[in-house]
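**Q** Modelling step: build the complete structure from the supplied sequences, incorporating the hints.
One-letter residues, chain by chain:
2 protein chains.
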Amino acid sequence: MKSFEFTVTHRDSGTKARTGILRTVHGDVETPVFMPVGTLGTVKGLTQEALEDLGAQIILANTYHLYLRPGEQVIREMGGLHRFMSWERPILTDSGGYQVFSLAALRKVSDQGVRFRSHLDGSLHMLTPARAIEIQTSLGSDIIMPLDECTEFPSSAVTAEKAMQRTTEWAAESKRFWCELSQQGENAPGTLFGIVQGGTQAELRRECARRLVEMDFPGYAIGGLSVGEVRPLTFEMVAAAEEYLPEEKPRYVMGVGLPEELPQYVALGVDMMDCVLPTRNGRNGLLFTSQGRMHIRQTRYARDPRPVDESCGCPGCRRYSRAYLRHLFIAGEMLGKILNTAHNIYFYLDTMRRIRQSIASGDFPRFSLDFRSRLQGEVQ
Amino acid sequence: MKSFEFTVTHRDSGTKARTGILRTVHGDVETPVFMPVGTLGTVKGLTQEALEDLGAQIILANTYHLYLRPGEQVIREMGGLHRFMSWERPILTDSGGYQVFSLAALRKVSDQGVRFRSHLDGSLHMLTPARAIEIQTSLGSDIIMPLDECTEFPSSAVTAEKAMQRTTEWAAESKRFWCELSQQGENAPGTLFGIVQGGTQAELRRECARRLVEMDFPGYAIGGLSVGEVRPLTFEMVAAAEEYLPEEKPRYVMGVGLPEELPQYVALGVDMMDCVLPTRNGRNGLLFTSQGRMHIRQTRYARDPRPVDESCGCPGCRRYSRAYLRHLFIAGEMLGKILNTAHNIYFYLDTMRRIRQSIASGDFPRFSLDFRSRLQGEVQ
Chain A
1 MKSFEFTVTH RDSGTKARTG ILRTVHGDVE TPVFMPVGTL GTVKGLTQEA LEDLGAQIIL
61 ANTYHLYLRP GEQVIREMGG LHRFMSWERP ILTDSGGYQV FSLAALRKVS DQGVRFRSHL
121 DGSLHMLTPA RAIEIQTSLG SDIIMPLDEC TEFPSSAVTA EKAMQRTTEW AAESKRFWCE
181 LSQQGENAPG TLFGIVQGGT QAELRRECAR RLVEMDFPGY AIGGLSVGEV RPLTFEMVAA
241 AEEYLPEEKP RYVMGVGLPE ELPQYVALGV DMMDCVLPTR NGRNGLLFTS QGRMHIRQTR
301 YARDPRPVDE SCGCPGCRRY SRAYLRHLFI AGEMLGKILN TAHNIYFYLD TMRRIRQSIA
361 SGDFPRFSLD FRSRLQGEVQ
Chain B
1 MKSFEFTVTH RDSGTKARTG ILRTVHGDVE TPVFMPVGTL GTVKGLTQEA LEDLGAQIIL
61 ANTYHLYLRP GEQVIREMGG LHRFMSWERP ILTDSGGYQV FSLAALRKVS DQGVRFRSHL
121 DGSLHMLTPA RAIEIQTSLG SDIIMPLDEC TEFPSSAVTA EKAMQRTTEW AAESKRFWCE
181 LSQQGENAPG TLFGIVQGGT QAELRRECAR RLVEMDFPGY AIGGLSVGEV RPLTFEMVAA
241 AEEYLPEEKP RYVMGVGLPE ELPQYVALGV DMMDCVLPTR NGRNGLLFTS QGRMHIRQTR
301 YARDPRPVDE SCGCPGCRRY SRAYLRHLFI AGEMLGKILN TAHNIYFYLD TMRRIRQSIA
361 SGDFPRFSLD FRSRLQGEVQ
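Residue numbers (the working numbering), protein chains in the order written: chain A, 1 to 380; chain B, 1 to 380.
Keep in mind the hints are simulated off the structure, nothing from the lab. Any given hint could turn out to be false.
In this list, chains with the same sequence are indistinguishable; a pair is considered to hold if it fits within one copy or across any two.
[As the list claims (entries may be wrong)] Straight-line alpha carbon distances no greater than 20 Å define the calculated SDA-like cross-link-like pairs of lysine to any residue that follow:
(1) Lys162 x Pro365
(2) Lys162 x Phe101
(3) Lys249 x Cys312
(4) Lys44 x Gln291
(5) Lys108 x Ser118
(6) Lys16 x Arg166
(7) Lys162 x Glu72
(8) Lys162 x Arg107
(9) Lys175 x Asp370
(10) Lys44 x Asn284
(11) Lys44 x Pro315
(12) Lys108 x Glu247
(13) Lys162 x Glu77
None of the values given here were measured: they were computed from a predicted structure.
**A** Below you can see the structure in the form of structure tokens.
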């Protein structure tokens with residue numbers, strides 16, 4: 001079994017926010033942390049050097065995508081994902097479940113797992129709790145996720161309950177398989193988290209959390225959120241799950257969020273987040289700044305010599321103007337996507353740094369309020 | 001008038017190869033030099049930091065493209081192209097003629113200039129010798145090119161002669177306009193080169209060169225080559241033009257070449273070259289290496305842990321494997337294009353560095369032979 005440890009270092013007195021350190025074999029991660037998404041073993045548009053310079057401590061990679069291309073076999077032969085992509089810091093992988101349910105064709109769920117067709121070539125595949133762990137072990141991921149059943153939003157209480165039940169059974173099966181694999185030594189799997197499901201039913205979230213905690217995972221993810229529901233409901237679900245999640249274990253809300261939401265999740269006691277918003281929006285010319293959002297394609301930036309964000313320390317803001325970034329975007333130049341992505345990732349990572357500092361210095365509630373009030377809406 | 005100076009520093013005894021220094025207001029350029037192409041004010045896929053790190057001394061930008069988008073007015077208001085794109089080293093711009101003849105629709109050439117429709121929105125424009133210089137002056141280019149008439153390949157001797165005659169007349173008109181503008185002081189144009197045309201007719205090349213030299217330009221370009229003709233004919237045309245080009249002035253062959261051809265042009269006395277091959281091929285997964293060409297998409301690289309080129313010092317070769325680059329290319333990931341482009345540009349720039357060193361140390365003929373023999377064909 002690979003070593004893993006989580007220590008809470010500071011607590012905010014007014015909220016459930018806390019700072020901590022995740023220790024993995026690939027190094028320490030200061031929490032709360034935002035994990036840039038590197039679906040196919042690359043955070044789109046950024047070199048690994050750039051990611052390091054921007055301050056990424058840990059990245060997320062997608063099991064489904066890497067399983068299909070280049071395949072777990074290739075990555076294992078190349079010495080694992082860290083070596084394959086030349087990234088020495090920690091990597092977290094999802095189970096592949098979410099992508100199977102959102103991307104793949106002809107998916108059939110049974111108690112055994114989920115059968116699906118690749119969205120790339122239509123080939124047939126079967127993902128089971130054990131296979132999900134095997135694949136992630138081939139990847140050499142530091143933190144791995146058990147297969148879960150993801151439901152659409154909105155789902156009925158009955159559908160949500162069925163999916164939660166199955167997710168919980170799969171979690172138990174995952175844990176058993178993971179324990180077996182861990183005892184084999186040589187090719188030990190990464191740290192296995194539990195995933196709380198339950199749709200938008202607080203009671204289901206509570207039950208799922210309670211049962212997972214009985215299985216005693218070293219960390220807990222909360223999945224299936226931010227899929228279309230209103231934000232207060234998301235927060236309610238996180239809070240419901242957390243009633244049962246142990247204080248001393250890391251909590252990870254999957255697939256969130258907008259910049260102004262980051263302090264809100266942290267205030268709920270969340271330690272880890274990941275999201276495609278900074279990268280995907282960057283490629284589409286939507287920039288997050290300390291003064292709100294900026295659509296770089298707007299005509300008003302055509303002759304604007306200022307950086308995107310005067311207070312930003314990213315490589316783009318230190319060197320290039322809004323006018324240049326707008327030109328690159330309008331002309332469809334790759335450099336536009338590269339610089340926009342780097343800016344957005346920097347903004348997210350810097351926000352998390354400032355959140356951690358404010359928790360440590362007892363200033364989190366004020367920071368959170370300031371930050372969110374300045375971020376509403378568009379740059380004026 | 002902006003300052004410009006060219007000094008020959010070493011000569012090869014066996015060929016016409018020489019090293020030199022081009023002094024511009026934006027710094028010195030060691031020749032022979034390869035200029036990466038930054039069509040729209042960006043070398044596709046590379047940040048300006050990356051370009052600097054790769055050792056680019058001077059880049060080329062395309063007048064036609066920048067004139068249409070974002071427009072000379074925007075760039076002038078933003079303080080010129082150097083400031084707009086944040087590139088402090090020298091910039092050479094073409095006249096826009098080549099793109100008008102190859103990209104624009106409905107082009108009508110007259111003695112006055114060329115009327116054309118934008119390939120972007122169909123809008124009507126007129127490019128004259130004076131306008132070409134005005135636009136390049138708005139861009140703030142260090143080395144500017146006069147409008148020339150570019151013919152298709154193959155062209156009849158009659159067509160080639162007509163185009164050569166008009167190019168020569170436009171060169172004279174360009175020179176007059178440039179002198180007027182230079183005397184105005186404030187917004188002085190960059191150094192104006194002459195462009196030798198004449199298709200594949202050695203006699204026309206000679207005549208064009210002779211007449212341009214009478215006009216006394218500070219440097220001479222040889223245009224309209226590498227457009228489909230066999231390579232010995234290209235070299236013959238370069239040699240024919242050079243019979244009349246003065247030894248002490250820089251010579252620039254436009255739009256060339258393949259890596260193995262670089263020493264050949266240098267051996268003919270060429271000081272400057274530019275080409276889209278390293279960038280365009282990089283985006284398409286064709287890599288130039290010291291052992292020949294490599295199509296990174298080939299299956300045989302899927303599990304190849306070696307760098308693209310063991311002897312290469314580019315950031316990609318120092319960190320990433322062929323297997324990873326192949327994966328990125330197959331998955332259509334931007335990072336593949338970025339790393340491939342950086343590699344190819346490094347290979348070109350490094351080749352030119354080694355050519356300069358070999359000329360300085362009297363070793364050029366041997367270097368040239370070695371280099372070319374290793375480069376033929378595909379990597380084995």
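**Q** Each hint: holds or not?
**A** Tested hints:
no., hint, result
1, Lys162 x Pro365, "neither (39 Å within a copy, 77 Å between copies)"
2, Lys162 x Phe101, "within (15 Å within a copy, 66 Å between copies)"
3, Lys249 x Cys312, "neither (33 Å within a copy, 46 Å between copies)"
4, Lys44 x Gln291, "neither (25 Å within a copy, 30 Å between copies)"
5, Lys108 x Ser118, "within (13 Å within a copy, 53 Å between copies)"
6, Lys16 x Arg166, "neither (30 Å within a copy, 78 Å between copies)"
7, Lys162 x Glu72, "neither (30 Å within a copy, 63 Å between copies)"
8, Lys162 x Arg107, "within (16 Å within a copy, 68 Å between copies)"
9, Lys175 x Asp370, "neither (42 Å within a copy, 61 Å between copies)"
10, Lys44 x Asn284, "both (12 Å within a copy, 17 Å between copies)"
11, Lys44 x Pro315, "both (17 Å within a copy, 18 Å between copies)"
12, Lys108 x Glu247, "neither (37 Å within a copy, 76 Å between copies)"
13, Lys162 x Glu77, "neither (38 Å within a copy, 63 Å between copies)"
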